[in-house]
Amino acid sequence: MNACLAATANSRLSFWNNVKWLVLYLLAIPGGLFIALFLNQTVRGIRLYKSLFFFPFVVSQVVVGLVFSWFYLPKEGLLNAVLAVFGMGPVNILGDPTLATYGIIAAGLWPQTAYCMILYLTGLNAVDPEQVEAARLDGAKGWRMLWFVILPQLKPATFIAFVVTIIGALRSFDFIAVMTNGGPFGSTRVLSFYMFEESLSEFGFRMGYGAAIAVVLFALMLLFIGYFLWSMYQDEKGAH
Amino acid sequence: MRCFRNPLKKSTPGVRTAYQVALPIVLIIWLLPLIAVAVFSIKPDADFTNGNYWGLPSSFEFFTNYGKVFFDSDMPRYLLNSLLITIPTVIGAVALSCMTGFALGIYRFKGNLLIFFMFIAGNFVPFQILMVPVRDMTVGLGLYDTKTGLVLFHIAFQTGFCTLFMRNFIRALPFPLIEAARVEGIAEWRIFWYIVLPLMKPAIAALSVLIFTFIWNDYFWAVVLTQGPEAQPVTAGITSFNAQYRAAYHLMSAGAIVAALPPVAMFFLMQKHFIAGLTLGAVK
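If you're matching them up, the sequences are chains A and B in order.
With my numbering, letter number 131 in the first sequence gets 131, and the count goes up by one each step, no holes.
With my numbering, letter number 249 in the second sequence gets 249, and the count goes up by one each step, no holes.
Note that these hints are calculated values from the structure, not bench results.
Straight-line distance between alpha carbons at most 27 angstroms, and here's what the computed DSS-like set of lysine-lysine pairs gives:
1. A:50 - B:201
2. B:110 - A:237
3. B:272 - B:201
4. A:141 - A:155
5. B:272 - A:155
6. B:272 - A:50
Take these sequences, add in the hints, and give me the full structure.
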């Protein structure tokens, strides 16, 4: 039975969709950093702005998925209304097998970017002002300042952002279930969703097959878990 | 950090004003999806049949729409289920992790680090891979489609994250305090109860808000372990709600807002703790 798992087009498609999620989800990290830098100023009411920017993360993924699916509606959706202003034709994102996954990932990126933003905002609070001042005296500015002075100090925040984003990408299920339910023609399935479909839905109770998919998903995650645990272990050793 | 902010402080008033004008505009664009649901939820049905999707509501139907959600659907039941699932989970997971965190943070024994790393590794697992065995076990125990089953599983799974959090927090406490208590001959459980636990209050607050939000927003396990309004929480309820009111966007939005409100309220009330919990480890 397991030989079939590797052979079927469905499971391969799900696997590659997982890879797409993993790669594109990482955009949340630079996105979050960008917003954090934008918000890292002292003006009146900035605290309220920061918490409002964080809002999408607090709202359940089911609700976010629902709202984005309305955005993408082929006839009434806001996206097509905006595209029409720029003279571009209507697209049916969630109905198009080549685009649907990207549409869902875009929805997922929204709360994830908010999460990375809050991690970076906290990290920015801990940046050593003396180093920044010293760099400024040495003539560092703009990008060079960000890249050589600020970013190295944000390394712990970047690590956590990386960890939570990878985990988030591999746990993607809610968005897919709510927005397309795996369709059109199964093109938006990821491994976790495919497993659910095979072992628990109306397509039958193929528990063994579902478990086999679980093993593949776990193997994919194991690559990252190994790396995470290794770097955390290095930290612990340093602490003793 | 002040210094990295300085450019704006030193810059001309023009730049400052431009920033202050840009800020709300960017915020509105960022929150557009949420604003859209909020506006949807007070629109009359006619707006959608007339194609007025994204414009201003033609009349204010707040009470009609929310009234329907509360008195004309299963929504209150789902909300109650969510509460009955979320609150016991928070209590259970936090109570257990106080103890595991204490054990792993204070005592030096063989395999301490190994056990701790097992807790951490459990966090990284995409929880969907546990679906088949957990469901099997829940059915076997006769807990399928009950709130108890869902609560037990959530406690078991969330304790991993909570333990990681608590252990690191306890590690940062001043150890001489505990040593001094031991010299005084105070029993270990009294040290835990009277010395460590009061110091853990901020960690307990942070974890409680976080776990509340995570569990309230959980959808996957709700679908896997329950069915029907008897035991399902509000996240799963909203999808069947949508099946009931297909294309009734105003009611779906009102339902979505009601479902999203408790964690949002929690976040605003306990913001400091929430962010402290989420960003644990982002600063070293």
